[in-house]
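Top to bottom, those sequences are chains A and B.
Per numbering that gives the first Met the number 0, the first sequence starts with residue 0, numbered consecutively.
Per numbering that gives the first Met the number 0, the second sequence starts with residue 0, numbered consecutively.
Derived from the structure by calculation, the hints contain no laboratory data.
Fair warning: there could be bad hints in the mix.
Taking lysine to any residue pairs in the SDA-like style, the calculated list, with each CA pair at most 25 Å apart, reads [claimed, not checked]:
{"hint": "1", "chain 1": "A", "residue 1": "LYS492", "chain 2": "B", "residue 2": "VAL114"}
{"hint": "2", "chain 1": "A", "residue 1": "LYS490", "chain 2": "B", "residue 2": "HIS116"}
{"hint": "3", "chain 1": "B", "residue 1": "LYS106", "chain 2": "A", "residue 2": "SER529"}
{"hint": "4", "chain 1": "A", "residue 1": "LYS490", "chain 2": "B", "residue 2": "VAL131"}
{"hint": "5", "chain 1": "B", "residue 1": "LYS83", "chain 2": "A", "residue 2": "LEU488"}
{"hint": "6", "chain 1": "A", "residue 1": "LYS380", "chain 2": "B", "residue 2": "CYS109"}
{"hint": "7", "chain 1": "A", "residue 1": "LYS554", "chain 2": "B", "residue 2": "ASN56"}
{"hint": "8", "chain 1": "A", "residue 1": "LYS380", "chain 2": "B", "residue 2": "THR213"}
{"hint": "9", "chain 1": "B", "residue 1": "LYS305", "chain 2": "B", "residue 2": "ASN197"}
{"hint": "10", "chain 1": "A", "residue 1": "LYS380", "chain 2": "B", "residue 2": "VAL257"}
{"hint": "11", "chain 1": "A", "residue 1": "LYS532", "chain 2": "B", "residue 2": "GLN52"}
{"hint": "12", "chain 1": "B", "residue 1": "LYS120", "chain 2": "B", "residue 2": "ASN56"}
{"hint": "13", "chain 1": "A", "residue 1": "LYS429", "chain 2": "B", "residue 2": "VAL211"}
{"hint": "14", "chain 1": "A", "residue 1": "LYS554", "chain 2": "B", "residue 2": "CYS109"}
{"hint": "15", "chain 1": "A", "residue 1": "LYS380", "chain 2": "B", "residue 2": "LYS106"}
{"hint": "16", "chain 1": "A", "residue 1": "LYS492", "chain 2": "B", "residue 2": "VAL131"}
{"hint": "17", "chain 1": "A", "residue 1": "LYS533", "chain 2": "B", "residue 2": "PHE54"}
{"hint": "18", "chain 1": "B", "residue 1": "LYS78", "chain 2": "A", "residue 2": "GLY489"}
{"hint": "19", "chain 1": "B", "residue 1": "LYS148", "chain 2": "B", "residue 2": "LEU285"}
{"hint": "20", "chain 1": "A", "residue 1": "LYS394", "chain 2": "A", "residue 2": "VAL358"}
{"hint": "21", "chain 1": "A", "residue 1": "LYS492", "chain 2": "B", "residue 2": "LYS106"}
{"hint": "22", "chain 1": "A", "residue 1": "LYS490", "chain 2": "B", "residue 2": "SER64"}
{"hint": "23", "chain 1": "A", "residue 1": "LYS206", "chain 2": "B", "residue 2": "ASP32"}
{"hint": "24", "chain 1": "A", "residue 1": "LYS490", "chain 2": "B", "residue 2": "VAL102"}
One side only, chain A facing chain B, incomplete, derived with CB under 10 Å [stated by the list, open to error]:
{"hint": "25", "residue": "PHE153"}
{"hint": "26", "residue": "PHE181"}
{"hint": "27", "residue": "TYR232"}
{"hint": "28", "residue": "SER363"}
{"hint": "29", "residue": "VAL386"}
{"hint": "30", "residue": "LEU403"}
{"hint": "31", "residue": "ILE417"}
{"hint": "32", "residue": "LYS418"}
{"hint": "33", "residue": "LEU536"}
Owing to the predicted nature of the structure, the values given are computational and were not obtained by experimental measurement.
Even for Gly, the Cβ is constructed at its ideal location relative to N, Cα and C.
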Amino acid sequence: MVKSPSFGGASEASARTPPQVVQPSPSLSTFFGDTAASHSLASDFFDSFTTSAFISVSNPGAGSPAPASPPPLAVPGTEGRPQPVAMRGPQAAAPPASPEPFAHIQAVFAGSDDPFATALSMSEMDRRNDAWLPGEATRGVLRAVATQQRGAVFVDKENLTMPGLRFDNIQGDAVKDLMLRFLGEKAAAKRQVLNADSVEQSFVGLKQLISCRNWRAAVDLCGRLLTAHGQGYGKSGLPTSHTTDSLQLWFVRLALLVKLGLFQNAEMEFEPFGNLDQPDLYYEYYPHVYPGRRGSMVPFSMRILHAELQQYLGNPQESLDRLHKVKTVCSKILANLEQGLAEDGGISSVTQEGRQASVRLWRSRLGRVMYSMANCLLLMKDYVLAVEAYHSVIKYYPEQEPQLLSGIGRISLQIGDIKTAEKYFQDVEKVTQKLDGLQGKIMVLMNSAFLHLGQNNFAEAHRFFTEILRMDPTNAVANNNAAVCLLYLGKLKDSLRQLEAMVQQDPRHYLHESVLFNLTTMYELESSRSMQKKQALLEAVAGKEGDSFNAQCLKLA
Amino acid sequence: MRLTKPTLFTNIPVTCEEKDLPGDLFNQLMRDDPSTVNGAEVLMLGEMLTLPQNFGNIFLGETFSSYISVHNDSNQVVKDILVKADLQTSSQRLNLSASNAAVAELKPDCCIDDVIHHEVKEIGTHILVCAVSYTTQAGEKMYFRKFFKFQVLKPLDVKTKFYNAETDEVFLEAQIQNMTTSPMFMEKVSLEPSIMYNVTELNSVSQAGECVSTFGSRAYLQPMDTRQYLYCLKPKNEFAEKAGIIKGVTVIGKLDIVWKTNLGERGRLQTSQLQRMAPGYGDVRLSLEAIPDTVNLEEPFHITCKITNCSERTMDLVLEMCNTNSIHWCGISGRQLGKLHPSSSLCLALTLLSSVQGLQSISGLRLTDTFLKRTYEYDDIAQVCVVSSAIKVES
Numbered sequence: 000m001v002k003s004p005s006f007g008g009a010s011e012a013s014a015r016t017p018p019q020v021v022q023p024s025p026s027l028s029t030f031f032g033d034t035a036a037s038h039s040l041a042s043d044f045f046d047s048f049t050t051s052a053f054i055s056v057s058n059p060g061a062g063s064p065a066p067a068s069p070p071p072l073a074v075p076g077t078e079g080r081p082q083p084v085a086m087r088g089p090q091a092a093a094p095p096a097s098p099e100p101f102a103h104i105q106a107v108f109a110g111s112d113d114p115f116a117t118a119l120s121m122s123e124m125d126r127r128n129d130a131w132l133p134g135e136a137t138r139g140v141l142r143a144v145a146t147q148q149r150g151a152v153f154v155d156k157e158n159l160t161m162p163g164l165r166f167d168n169i170q171g172d173a174v175k176d177l178m179l180r181f182l183g184e185k186a187a188a189k190r191q192v193l194n195a196d197s198v199e200q201s202f203v204g205l206k207q208l209i210s211c212r213n214w215r216a217a218v219d220l221c222g223r224l225l226t227a228h229g230q231g232y233g234k235s236g237l238p239t240s241h242t243t244d245s246l247q248l249w250f251v252r253l254a255l256l257v258k259l260g261l262f263q264n265a266e267m268e269f270e271p272f273g274n275l276d277q278p279d280l281y282y283e284y285y286p287h288v289y290p291g292r293r294g295s296m297v298p299f300s301m302r303i304l305h306a307e308l309q310q311y312l313g314n315p316q317e318s319l320d321r322l323h324k325v326k327t328v329c330s331k332i333l334a335n336l337e338q339g340l341a342e343d344g345g346i347s348s349v350t351q352e353g354r355q356a357s358v359r360l361w362r363s364r365l366g367r368v369m370y371s372m373a374n375c376l377l378l379m380k381d382y383v384l385a386v387e388a389y390h391s392v393i394k395y396y397p398e399q400e401p402q403l404l405s406g407i408g409r410i411s412l413q414i415g416d417i418k419t420a421e422k423y424f425q426d427v428e429k430v431t432q433k434l435d436g437l438q439g440k441i442m443v444l445m446n447s448a449f450l451h452l453g454q455n456n457f458a459e460a461h462r463f464f465t466e467i468l469r470m471d472p473t474n475a476v477a478n479n480n481a482a483v484c485l486l487y488l489g490k491l492k493d494s495l496r497q498l499e500a501m502v503q504q505d506p507r508h509y510l511h512e513s514v515l516f517n518l519t520t521m522y523e524l525e526s527s528r529s530m531q532k533k534q535a536l537l538e539a540v541a542g543k544e545g546d547s548f549n550a551q552c553l554k555l556a
Numbered sequence: 000m001r002l003t004k005p006t007l008f009t010n011i012p013v014t015c016e017e018k019d020l021p022g023d024l025f026n027q028l029m030r031d032d033p034s035t036v037n038g039a040e041v042l043m044l045g046e047m048l049t050l051p052q053n054f055g056n057i058f059l060g061e062t063f064s065s066y067i068s069v070h071n072d073s074n075q076v077v078k079d080i081l082v083k084a085d086l087q088t089s090s091q092r093l094n095l096s097a098s099n100a101a102v103a104e105l106k107p108d109c110c111i112d113d114v115i116h117h118e119v120k121e122i123g124t125h126i127l128v129c130a131v132s133y134t135t136q137a138g139e140k141m142y143f144r145k146f147f148k149f150q151v152l153k154p155l156d157v158k159t160k161f162y163n164a165e166t167d168e169v170f171l172e173a174q175i176q177n178m179t180t181s182p183m184f185m186e187k188v189s190l191e192p193s194i195m196y197n198v199t200e201l202n203s204v205s206q207a208g209e210c211v212s213t214f215g216s217r218a219y220l221q222p223m224d225t226r227q228y229l230y231c232l233k234p235k236n237e238f239a240e241k242a243g244i245i246k247g248v249t250v251i252g253k254l255d256i257v258w259k260t261n262l263g264e265r266g267r268l269q270t271s272q273l274q275r276m277a278p279g280y281g282d283v284r285l286s287l288e289a290i291p292d293t294v295n296l297e298e299p300f301h302i303t304c305k306i307t308n309c310s311e312r313t314m315d316l317v318l319e320m321c322n323t324n325s326i327h328w329c330g331i332s333g334r335q336l337g338k339l340h341p342s343s344s345l346c347l348a349l350t351l352l353s354s355v356q357g358l359q360s361i362s363g364l365r366l367t368d369t370f371l372k373r374t375y376e377y378d379d380i381a382q383v384c385v386v387s388s389a390i391k392v393e394s
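Please build the complete structure, drawing on both the sequences and the hints.
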């Protein structure tokens, strides 16, 4: 579907085929040449979607344009409110300028008089990734936009997505707070974590914060970048526009809020996105910014997140309903592909390979939805349906069959149905016989240990967990579980010794909240003077863990 | 610390695709997380065991397990430590300690550990009393006690209902309701009959050689769910005669229930002896020994009745047969059956036919005791299905 070139033919650049650049969020940079020979107008105008730079320039509602030589990092010491600074990474050369859509349109079709060809060279990956089936009302709006040459299509404000940050700054560090309370200021001052100021204000910095588990800082950095895009604090409900990047930023922010357990905050900020089907979330809505491009800007994983969030808020039925809707669209798209049509049911213009790649993608997405549904049913304690759902998941992820069968066995143990658990564990043994390597054997041993737990035989369970440790000394689960068994056998001291050794041996991996929960529970059992030992744990945590650490497991509050 | 079974840690999976901003980061974070399942990180139910964080609930029939730890918080050695754990209920006091011997000495920062198990047999308030006596280094004898109170609740609600069949069989329907707060797997629900009866349980069927429960895939009971179990009781031969004249309350048997909850936490209960009020048969009881289910229209068929003298005196009985609209008796009405002594019975073969199709009720028998000049009426003794003779009935 291609827009007719209402923007004249005169182009400033010589004819040049756009380079095939595959980038994480590919977009109009495929229309440009190198920035070196650059039409700085064009590269300034559009978001340059490289991994390092983020220039929010496509949104007329954004803050004021940046000064000529922007600093690579935000000025340290600017706490709180992020400034609307235009950030850029090390690669782009020209200074950003304020957007003026129509004046620069000529540059888009640099060299190519034929928008049809340019549309065809649009990334295959984009098309299948972004494919989605909009609802009736949305389709109507998008059709109207497509048939309009210029000027705005009037869309009811209710159908527009107008998000904004709903809370300003959650840069808090629960661990540091605890340190201040229990270990004093000097100790607390020693705690060093990366925060939003200490990294590059870009996607690169964001990824750094995520990987070192400083998710609160990452949420804040997302907030700053979104503010630059004009969707900052207080901007909720104000007209705005969206890009691939801005939606990715929202996705990351919301995903991290969920990982941090801040479900209400996530729900508040998700709210303006409605059910993720509003017309201004589609590429077709921005024919001037994304000419010829079709599909939804909403990342698929954001749809999954949007559905799953409800079950963490206590509305699992709503989660299931949303997941069903996603499943329906995935199934329809797959059906279209299998009939030789394009994802949205139109005529397909792709190669056999392209179609197969698309089928693979959508099958894996369907599998992901089924997985979510199974997890939701488990959370709802509807064990019969959950087990059925996990069986369906095996069809989409056959390589996970032994793990899923083991999981179903564990579900049976949780209900108290030991016999059925045993049957499933036997099935796992059959399936893993064909696998080589340790993983299969460890799974079988783990299941045997759990079976003995179900039969009240803690001594045997301990033996099996210890056997796993012999084969894989770094297995945190076996280590933790063996220690737990020791407690049930009346050996508190031994159990404590095992857990403490585990935590000291490899704090990076083993300072996990479930292990620490067990450790602090046992400290409290051991002595009423458990405070000192818990504080020692706090110090260990302080040196290693990021700001996302769930400090409640230390039981210091 | 009460040692309920540990629970499995659940995690929150957050994923994204390669082309999203975080790329592989979210998946990498999940892989690094030790509490996710290796190779199936999206699976919420992990494998890490977490210790119980609170006392929870305890129900009648379950086993109360607890860790008892005595820790030397001081910096001195203490001697002659004796730890006693008792369970005090409203009716009794039980000693739970595994060993009653005193420990010679306890160094600083060491502890004496014990795990006690006790199957809870009463409902209501229980108090765990831990008493510790020891001698300090200075020679002072010290003693202290700690109390831990908890409530034992009722786990099941059992309702029973008896059905009397036309033969001597009695059917027992037991309705069991899960009154706890977690799902319950019923491992065994069996009826232990009293000496008079043989019991057949009707809660599983044989499918392809395997015994399959009638409850299908619903293997467990959610909180507040109810399930019905059915048993058939037949009086043993030596009691069969007497069963005909049992009056008043009889003891049928008791239900033995075994269940499991989280990770195999076991509970077991027996009901008290279930009692059944025998239906009153009056002085003379007429029961059926043999009767066909289905008969042809207007074709005579045979039934066998058993007449039992349930009274204390000998009877001299006369049998009269009265026809109804649909039932027509064949044979001689008004004949004498002879003397019938107390607690004895006689069998009688009778022939009849039906003139109306459908489910017909057999009525119209009259027994008169000539001694007392009393007539006993027997209507709606049994049902028979009458079909048109165009349909062949296997006899």
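For the pair supplied as a hint, LYS78 of chain B and GLY489 of chain A, confirm whether the alpha-carbon distance does not exceed 25 Å.
21 Å, holds
Taking the closest Cβ pair, is PHE181 of chain A under 10 Å from chain B?
With a minimum Cβ separation of about 20 Å from chain B (threshold 10 Å), the hint on PHE181 of chain A is violated.
Is the Cα-Cα distance between LYS532 of chain A and GLN52 of chain B 25 Å or less?
18 Å, holds
Hint consistency between LYS429 of chain A and VAL211 of chain B [alpha-carbon to alpha-carbon, up to 25 Å]:
Answer holds: LYS429 of chain A to VAL211 of chain B is near 24 Å, not above 25 Å.
Within a Cα-Cα threshold of 25 Å, do LYS83 of chain B and LEU488 of chain A meet the stated pairing?
19 Å, holds
Under 10 Å is the threshold here; is the Cβ of PHE153 of chain A close enough to any Cβ of chain B for the hint to stand?
33 Å, violated
For the hint on LEU536 of chain A, does the least C-beta distance to chain B fall short of 10 Å?
15 Å, violated
Could you grab the alpha-carbon distance between LYS380 of chain A and THR213 of chain B and see if it respects the 25 Å cut-off?
22 Å, holds
Does SER529 of chain A lie within 25 Å of LYS106 of chain B when you go C-alpha to C-alpha?
This hinted pair holds, its Cα atoms lying about 18 Å apart.
LYS305 of chain B paired with ASN197 of chain B [C-alpha distance capped at 25 Å]:
The hint holds at about 22 Å.
Given the hint that LYS394 of chain A pairs with VAL358 of chain A, does the C-alpha gap stay at or below 25 Å?
15 Å, holds
Run the distance test for LYS554 of chain A versus CYS109 of chain B: straight-line Cα separation, threshold 25 Å.
At roughly 23 Å apart (the allowed maximum being 25 Å), CYS109 of chain B and LYS554 of chain A satisfy the hint.
Comparing the model with each earlier hint shows violations of hints 6, 15, 19, 25, 26, 27 and 33; every other hint is respected.
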